[in-house]
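**Student:** Chains as they are written, first to last, in the numbering used here: chain F, 1 to 204; chain L, 1 to 256.
Read the hints as simulated data drawn from the structure, not as lab findings. Hints may contain errors.
[As the list claims (entries may be wrong)] The following residues of chain F were derived to be distant from chain L, with all beta-carbon distances above 12 angstroms:
(1) Val44
(2) Ile48
(3) Glu65
(4) Lys132
(5) Lys163
(6) Lys204
[Stated by the list, open to error] In silico DSS-like links for lysine-lysine, alpha-carbon gap of 27 angstroms or less:
(7) F:Lys179 with L:Lys250
(8) L:Lys199 with F:Lys194
(9) F:Lys147 with F:Lys25
(10) L:Lys74 with F:Lys124
[Unchecked claim] Just a sample of chain F residues kept apart from chain L, beta carbon distances all over 10 angstroms, derived:
(11) Glu8
(12) Ser43
(13) Ile69
(14) Gly79
(15) Gly81
(16) Tyr111
(17) Gln114
(18) Ala126
(19) Leu128
(20) Ser135
(21) Gln139
(22) Lys150
(23) Ser172
(24) Asp173
(25) Lys179
A quick note: this is a predicted structure, and the numbers were derived from the prediction, not measured. Each residue gets a CB set at the ideal place from its N, CA and C atoms; glycine is no exception.
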Amino acid sequence: MVAELKYEISQNAYIKLVLHALKHKTTAVNGVLLGRVNPQNESVVEIIDSVPLFHSNLALLPPLEIALIMIEEHYGSKGLGIVGYFHANERFDDAELGIVAKNIGDHIFRYFPQAAVLLLDNKKLAALPKGKDQSPVMQLYIRDASKNWKLAGPDGGSRLVIKEPAANVVLSDYISSEKWQDVVDFDDHLDDIKMDWLNLELFK
Amino acid sequence: MEEEVLGSIFALSGSLKLGVQRKSSKWTLYEQVAIAAMDCQCLDVAKDCIKVLQKKFPEGKRVGRLNGMLLEAKGLWAEAEKASSSLLEDNPLDQVIHKRRIAMAKAQGNISEAIELLNKYLEIFMADHEAWRELAEIYVSLQMYKQAAFCYEELILSQPTVPLYHLAYADVLYTLGGLENLQTAKKYYASTIDLTGGKNTRALFGICLCTSAIAQASKGRNKEDKESPELQSLAVTALEKDYKQRAADKLGLLVH
Numbered sequence: 001m002v003a004e005l006k007y008e009i010s011q012n013a014y015i016k017l018v019l020h021a022l023k024h025k026t027t028a029v030n031g032v033l034l035g036r037v038n039p040q041n042e043s044v045v046e047i048i049d050s051v052p053l054f055h056s057n058l059a060l061l062p063p064l065e066i067a068l069i070m071i072e073e074h075y076g077s078k079g080l081g082i083v084g085y086f087h088a089n090e091r092f093d094d095a096e097l098g099i100v101a102k103n104i105g106d107h108i109f110r111y112f113p114q115a116a117v118l119l120l121d122n123k124k125l126a127a128l129p130k131g132k133d134q135s136p137v138m139q140l141y142i143r144d145a146s147k148n149w150k151l152a153g154p155d156g157g158s159r160l161v162i163k164e165p166a167a168n169v170v171l172s173d174y175i176s177s178e179k180w181q182d183v184v185d186f187d188d189h190l191d192d193i194k195m196d197w198l199n200l201e202l203f204k
Numbered sequence: 001m002e003e004e005v006l007g008s009i010f011a012l013s014g015s016l017k018l019g020v021q022r023k024s025s026k027w028t029l030y031e032q033v034a035i036a037a038m039d040c041q042c043l044d045v046a047k048d049c050i051k052v053l054q055k056k057f058p059e060g061k062r063v064g065r066l067n068g069m070l071l072e073a074k075g076l077w078a079e080a081e082k083a084s085s086s087l088l089e090d091n092p093l094d095q096v097i098h099k100r101r102i103a104m105a106k107a108q109g110n111i112s113e114a115i116e117l118l119n120k121y122l123e124i125f126m127a128d129h130e131a132w133r134e135l136a137e138i139y140v141s142l143q144m145y146k147q148a149a150f151c152y153e154e155l156i157l158s159q160p161t162v163p164l165y166h167l168a169y170a171d172v173l174y175t176l177g178g179l180e181n182l183q184t185a186k187k188y189y190a191s192t193i194d195l196t197g198g199k200n201t202r203a204l205f206g207i208c209l210c211t212s213a214i215a216q217a218s219k220g221r222n223k224e225d226k227e228s229p230e231l232q233s234l235a236v237t238a239l240e241k242d243y244k245q246r247a248a249d250k251l252g253l254l255v256h
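Make a model of the complete structure from these sequences and hints.
**Tutor:** Have a look at this one:
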């Protein structure tokens, strides 16, 4: 029996995605997860980086196709591939994984069968500054045998972990300093190619 | 962004207290501050502004609208809907009240109701371009691309020189897929490039995507449609030139 897959997301990848969602509070946003299967432990998928994608018209193909081509080209040369997808819903009280997220997830799954779909947990995010919770403010969805995206159960909290335990502290800090203003997504890049979707300067 | 809005709210309320020169604009300012405050969830500020306006215009429809919006901001949907329904009875052709009802449906997640209301609204106010765009975007979010295409067709008909609509229409057609749609999409990416003097990155990429998709879709078919390769190579050249100039580190990623 294969051990249950665990997903370990790096602090930078994690924070980038949450800040992106905070930058565009009134719309849905999405992003891709970059990483690889841990070479020393097959049951762990390392999410090493992330690229924020769009904050408008998430369900249109052309910008998505361009983004995936360029992202795969860039990260492929570093030995990393697309290992998952991140989505944040438009409304605060919408905790459902919508059809667009599932479809993009399906597409990524075809190339990486251990793909994860992460959904922003708005309530957890809102509670962040008050608590000492080290678990990510995201829900993990995995594809089951009947090709459906299933929420990784209540113990699923332990299946998605942040590599650096103090990540939420750093995130809360960034939130108070409104760091989200500096996040660049692919939409921004397509509107002005000088904008760097790699966000290389973000955490300097 | 929020900081700027807050800054403006306090600047505006400051000028309200000092007394603005022209009396007619003073009340508009109160209205604007109220709305801005609601946008930032500063509901007390909003309430104060509305109170002042209520005193001045006790039967005013605009004050009624603001009260409705305040109920929305508090999440009191039932009361907000009641307020807007009664406002509509007295003002059946008030566009803003109609749109608040659509916004309320959307905010509560009743997307099908929002679509229904928006369609009814557009039957009356068919020249409201923002409404057509909103409807198109809602359709896209539900992957109802044919319906979205219809909205953009309406927009292009009424405003044929706005490149945004050409681009969005092309994106939707490409997403729909199929040889005919791809060929039409390519035409609209081309018209976008025309209307933007060749500066629209998304349209340039669109040409490239369409060219390869069309080639894929017409494999095995008789090549009746001679695809002129010039458009594709022009687009690629334009993209390469632009990336070289402004985003050289990404030039190598242009794999087409």
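**Student:** Each hint: holds or not?
**Tutor:** Now the hints, each set against the structure:
no.: 1; hint: Val44; in the structure: 29 angstroms, holds
no.: 2; hint: Ile48; in the structure: 19 angstroms, holds
no.: 3; hint: Glu65; in the structure: 6 angstroms, violated
no.: 4; hint: Lys132; in the structure: 26 angstroms, holds
no.: 5; hint: Lys163; in the structure: 27 angstroms, holds
no.: 6; hint: Lys204; in the structure: 16 angstroms, holds
no.: 7; hint: F:Lys179 with L:Lys250; in the structure: 24 angstroms, holds
no.: 8; hint: L:Lys199 with F:Lys194; in the structure: 14 angstroms, holds
no.: 9; hint: F:Lys147 with F:Lys25; in the structure: 31 angstroms, violated
no.: 10; hint: L:Lys74 with F:Lys124; in the structure: 21 angstroms, holds
no.: 11; hint: Glu8; in the structure: 27 angstroms, holds
no.: 12; hint: Ser43; in the structure: 32 angstroms, holds
no.: 13; hint: Ile69; in the structure: 6 angstroms, violated
no.: 14; hint: Gly79; in the structure: 16 angstroms, holds
no.: 15; hint: Gly81; in the structure: 15 angstroms, holds
no.: 16; hint: Tyr111; in the structure: 16 angstroms, holds
no.: 17; hint: Gln114; in the structure: 25 angstroms, holds
no.: 18; hint: Ala126; in the structure: 12 angstroms, holds
no.: 19; hint: Leu128; in the structure: 17 angstroms, holds
no.: 20; hint: Ser135; in the structure: 26 angstroms, holds
no.: 21; hint: Gln139; in the structure: 18 angstroms, holds
no.: 22; hint: Lys150; in the structure: 21 angstroms, holds
no.: 23; hint: Ser172; in the structure: 17 angstroms, holds
no.: 24; hint: Asp173; in the structure: 17 angstroms, holds
no.: 25; hint: Lys179; in the structure: 13 angstroms, holds
In summary, the numbered hints that this structure violates are 3, 9 and 13.
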